[in-house]
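J.: Produce the complete structure using the sequences and hints provided.
Chains as they are written, first to last, in this note's numbering: chain A, 1 to 268; chain B, 1 to 329.
Because the hints were derived from the structure by calculation, they are not lab data.
Note that CB positions come from ideal geometry on N, CA and C, so glycine has one too.
A couple of the hints might just be wrong.
Unchecked claim - Distance windows between CB atoms, simulated:
1) A/Y261 with B/V24: 29 to 35 Å
2) A/S199 with B/E31: 30 to 36 Å
3) B/K25 with A/F24: 44 to 50 Å
To be verified - One side of the interface only, derived from the structure: several residues of chain B facing chain A at Cβ under 8 Å:
4) L119
5) T145
6) L148
7) I150
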Amino acid sequence: MRWAVVRDLLTTEIRRRMSYRADFWLSAFASLAVRLAVVWFIVHAVFAGSRRSGIGGYDAQGMLVYYIAAILVGKLVQTTELEQGISQDIYEGGLTRYLLYPVPYGVVKYVQQLGALGPAAIQLVLFGAWLPFVVGIPRDLTAAGIAMGIGAIVIANLLQFLITFPIQLIAFWADNVWSLMVMHRFASALLGGMLAPLSLFPESAQRILAALPFRYLFAFPVETLLGRVGPAEWAGGMAIGLCWCGIMAMVGRAVWRAGTYQYTGVGI
Amino acid sequence: MIEAQALSKTFTVHRKDPGLWGSVKSLFRREKVHKHAVREATFRIDEGEIVGLVGANGAGKTTLVKMLAGIIHPTRGDARVLGFRPWERDNRFRRQIALIMGQKAQLWWDLPAADSFLLLKEIYGIPGERYRANLDYLARVLDVTKELTIQVRRLSLGERMKMELIAALLHGPRVVYLDEPTIGLDLTAQKAIRDFILAYREQHRPAMILTSHYMEDIERLCQRLLILREGEIVYDGSLAGVVEKYADHKVVTAHLRKTNGAVTRDGLEALGQVDACDDLTIRLRVPRGRVAEAAAELLRRYPVADLAIEEVEIGTIIEKIQRAKGGAP
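T.: Right, here's the structure in full:
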């Protein structure tokens, strides 16, 4: 696909997402400010209740920073509306126009997902900029860690889309993929380190989780950003994340082929 | 340009018994039903032709169009459009076709149409100069130049349809599928769309397939008809030919000056089937070979103020074909 198409898809999606001011401010408030406040209260309550100075290698301050970083990274990795959009395209016939365009559907949808990050990035700056003043600057934050973390977020964003894509394509056969998406969201939040740092899992479970794709969605980019991952471990993690991207891309391609073969174009 | 050979499509649908027990049963076992949407469709459409695809709801019109546009795969048979198998979705094929659906919006609703057109310019790789010329021409002819910068969701139905037409034709397609392009529009908008389609055909000579339930669309735009009944093409020929083939009579209407009860049904039945008969109007269905004789007889017998000899309306004939099941009407 030509760069000009990518650029225009990207900017069109950003413009589309920003055409509703109320939605922009409400989603910013609901998805960031409220969640950050909830995390702050829970972390303090857990540490105060347990009377322990550290849990899973994190003190109260470290745990709070981890959760806040996970929420911010999650904002850059997950875009709910577009994920649901793929199954809606199939159910309501919106897929038709993409089948007519001389551009690959999967790439179009991914670029649109990237476009949706535009408003999310503005929200991150607006609500995230004052966080260092509230929770302090993480002890192990370094320029190299931030650079490696950005790389890990890029892979996480792509991997999240590539995992979601075939699940959404199940809509070619099933009348509702909502329950599958809920399972995926729960599994990736639990096994990916969004609900709690993976260091809280037993050692043996952590070894298994390191080979699964979920860690590379949240925990890996967050730990890298916070300076808890060295260059060698980062390179290994990126390689595993990329491998999963390749595997999921192949799965997505196969499901797409099978799905479009028996697509009936309902809703048109 | 468009060639279909024994093109067929069968859908498998699930049947569920009504009621709570039916819902419980369907959790464990569902009955499959095969629905033959299109059967053995064979035809050819050349450059510059506008072919009307008509049939009742569920006759298979949209399914046929979807196969020829490459949206769905056929169950059997083959088709070539511009030399390509549509469902293989070769980009060279997709750059040369357009599908306009009156019931389904293709544009981005949250943006002005001009933004969608810019995106389509890049998707289809339309050179800047050609894009500007095409957009100017289409917007001017459809009279929507001022509406290009208004959010699509805020446009009227007619304006939206015009924008859909522009979006579909910007890249200058050589094959155009029009699925109910005037549905829901008022008479003025319908006429504007029809005039535009004719003008576009004259200028660009694409092959067009038009499906519509509005007979005026078919009569104004199409020289040729494909009539579908339960998935089967039961007629492929000229618009005039369908009248010749399926209407064995013409309608003779005589408007009379006051006759004071001199007109009786008995006297008229020898001329043809009497549809209306009173002191002021006589309407007869007369076999084609006897029209002149019947007209002369009416003029001789009654004080005729005006006499009209008309073909049966195309819509009536198509309705008759649709009603007839399993054979000629």
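J.: Restraint: B/L119 near chain A, CB-CB cut 8 Å. Satisfied or not?
T.: holds, 5 Å
J.: Tell me if the beta carbons of B/K25 and A/F24 are separated by a distance inside 44 to 50 Å.
T.: The hint (44 to 50 Å, Cβ to Cβ) holds, given that B/K25 and A/F24 are roughly 47 Å apart.
J.: Using Cβ atoms only, decide whether B/L148 comes closer than 8 Å to chain A, and label the hint accordingly.
T.: violated, 15 Å
J.: Holds or violated: B/T145 as interface residue toward chain A, Cβ cutoff 8 Å?
T.: Not OK, violated: B/T145 not within 8 Å of chain A, min 21 Å.
J.: Is the distance from the Cβ of A/Y261 to the Cβ of B/V24 consistent with 29 to 35 Å?
T.: holds, 32 Å
J.: Verify the interface restraint on B/I150: the C-beta must sit less than 8 Å from at least one C-beta of chain A.
T.: violated, 13 Å
J.: Can the suggested window of 30 to 36 Å be confirmed for the beta-carbon pair A/S199 and B/E31?
T.: violated, 53 Å
Going through the hint list in order, the structure does not satisfy hints 2, 5, 6 and 7.
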